[in-house]
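*Asks:* Protein sequence lines, in the order shown, are assigned to chains R and A.
The first sequence runs 1 to 440 under the working numbering.
The second sequence runs 1 to 75 under the working numbering.
Since the hints were derived computationally from the structure, they do not count as laboratory data.
Bear in mind that the values here come from a model prediction, so they are computed numbers and not experimental data.
Heads up, a few of these hints could be off.
[Said to hold, decoys possible] Only some residues are given here: those of chain A computed to face chain R with a beta carbon under 8 Å:
no., residue
1, Leu5
2, Gly9
3, Phe10
4, Met17
5, Phe21
6, Phe23
7, Ile28
8, Met30
9, Met31
10, Asn32
11, Ser35
12, Leu38
13, Ile61
14, Ile62
15, Ile65
16, Ile69
For glycine and all other residues, C-beta sits at the position ideal for the given N, C-alpha and C.
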Amino acid sequence: MKFFVIKLLALLLFTFGALHASAPAQAEGASTLKEETYKSRPFSEMITGFLQSTGINALMNPNPNELNSHGHAMSDFHKTWGRVVMILITFLLFWLAIRKGFEPLLLLPIAFGGLLANIPVAGIAGDDGFLGIIYHMGLSNQLFPVLIFMGVGAMTDFGPLLSNPKTALLGGAAQFGIFGTLVGAVALSQYTELFNFTIQQASAISIIGGADGPTSIFIATALAPELLGAIAVASYSYMAMVPIIQPPIMRALTTDAERRIKMTTLRHVSRLEKLVFPILVLVLAILVLPESTPLIGAFMFGNFLKESGVVERLNDTLQNAMINIVTIFLGLAVGSKLAADQFLVPDTLAILALGIIAFSMGTAAGVIMAKIMNLFPGHKINPLIGSAGVSAVPMAARVSNKVGMEYDRNNMLLMHAMGPNVAGVIGSAVAAGVLISLFQ
Amino acid sequence: MDTNLVMEGFKFMALGMGTVFLFLIILIVMMNVMSAVLHKFFPEPQASLEPSVDTKNNKKIIAAISAAISHHRQG
């Protein structure tokens, strides 16, 4: 028996040996073919050839045949100084993210994506570059924003909203920022020469007022993909600047007495209520506005997993691993739209300006809505939580709390403000659904 | 341009804000109905348990703190 095994092994060895002997013959044939395409050149020519392929040369002497990632011709400015300016802008974004702590989780990937997208010759943001591949993988088909919404859903606690349902109206009022800016943008486009946006572009820009990064990206890719970079950057930078933008508006619109209004403590919300709530919202969305269900469905899926309490592993993955991975890809893909030829255009300034107007109008509308609600009998609402109706979870709620405590150290508004805050997310998803349905 | 874009914008606003408010108002009504129904048919059994757990913990914490204080005074 042992002898037989040895014989078999020997036979196998021989067969392999024979196969290997024939292999080098084929390889030799391939290498001779390759050698034929390579021509020996003098060393000086090699050096000049290498110098022509450097980044410095590409920035000094733009290649007239170079096309942008959409396959269109670019102006010389966008190939040369535009790229330098964009790279400096990404350095500024790095500084804002690291030193100032402005939404570093998203701003850093976006800024680095922008840096990579502006490298000449390499074409990283082109269709075959890795940024281009990431962009087509999940941003042009709106996958990443939806995945982000799942993670956000798993992080959201609807308890404060459930214990004081009427605060949801504040989250609705804040969406006025979106539609108010839409009217303003189309009016300025029609009657002035400042800029010339189509109604699709104006809609995509004004959704910045919803203060919801994923929603903005979702709408921008659907209605105006050419403006995606500027819209995403504006949206995320204004979300990061909530603590700077909102307080002056909140103070201007409220009286001292209103800021000191104490709200009744929140009632306890049972686990079952929290479990039924995501299904309730989803059923409503199905009945009223199916266009909003990609976002709301993903959001409620994440929340349902969390509140079910039986899939802790999935919930943990949604809240941590998945949202982190998607955030990296989303940031890089958005950054790929910071290429000079797409970002350094007059439209970008207009988008940044309209974005901050939309954001401020949303904040103001939320505060005013709270004042209107106080005209009716019932428990009084502190108007400072109205500003949290723009989404920007949980930053806007924290701002409400902070401003409230400046006037009364014992007035904790954080949990009260979380109600309008999460309602704002639902509200902006509904607004997004309306906008998409209008262009069907 | 043929169409009056500003009028279009106002139409969008009316429809959009209308839908958002309609959605949220129905949601508020449904939330209240849901809470009422759930409280009626599925009252929380744990409501009475929670405070007792808290006081137990409190007693432990108080014991730990007082032990630490006496230890500190002795030392």
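*Asks:* Each hint needs a verdict: does it hold in this structure or not?
*Replies:* Evaluated hints:
{"no.": "1", "hint": "Leu5", "verdict": "4 Å, holds"}
{"no.": "2", "hint": "Gly9", "verdict": "4 Å, holds"}
{"no.": "3", "hint": "Phe10", "verdict": "6 Å, holds"}
{"no.": "4", "hint": "Met17", "verdict": "6 Å, holds"}
{"no.": "5", "hint": "Phe21", "verdict": "5 Å, holds"}
{"no.": "6", "hint": "Phe23", "verdict": "5 Å, holds"}
{"no.": "7", "hint": "Ile28", "verdict": "4 Å, holds"}
{"no.": "8", "hint": "Met30", "verdict": "6 Å, holds"}
{"no.": "9", "hint": "Met31", "verdict": "4 Å, holds"}
{"no.": "10", "hint": "Asn32", "verdict": "6 Å, holds"}
{"no.": "11", "hint": "Ser35", "verdict": "6 Å, holds"}
{"no.": "12", "hint": "Leu38", "verdict": "5 Å, holds"}
{"no.": "13", "hint": "Ile61", "verdict": "23 Å, violated"}
{"no.": "14", "hint": "Ile62", "verdict": "25 Å, violated"}
{"no.": "15", "hint": "Ile65", "verdict": "25 Å, violated"}
{"no.": "16", "hint": "Ile69", "verdict": "28 Å, violated"}
The structure fails hints 13, 14, 15, 16 (numbered hints given earlier, in ascending order).
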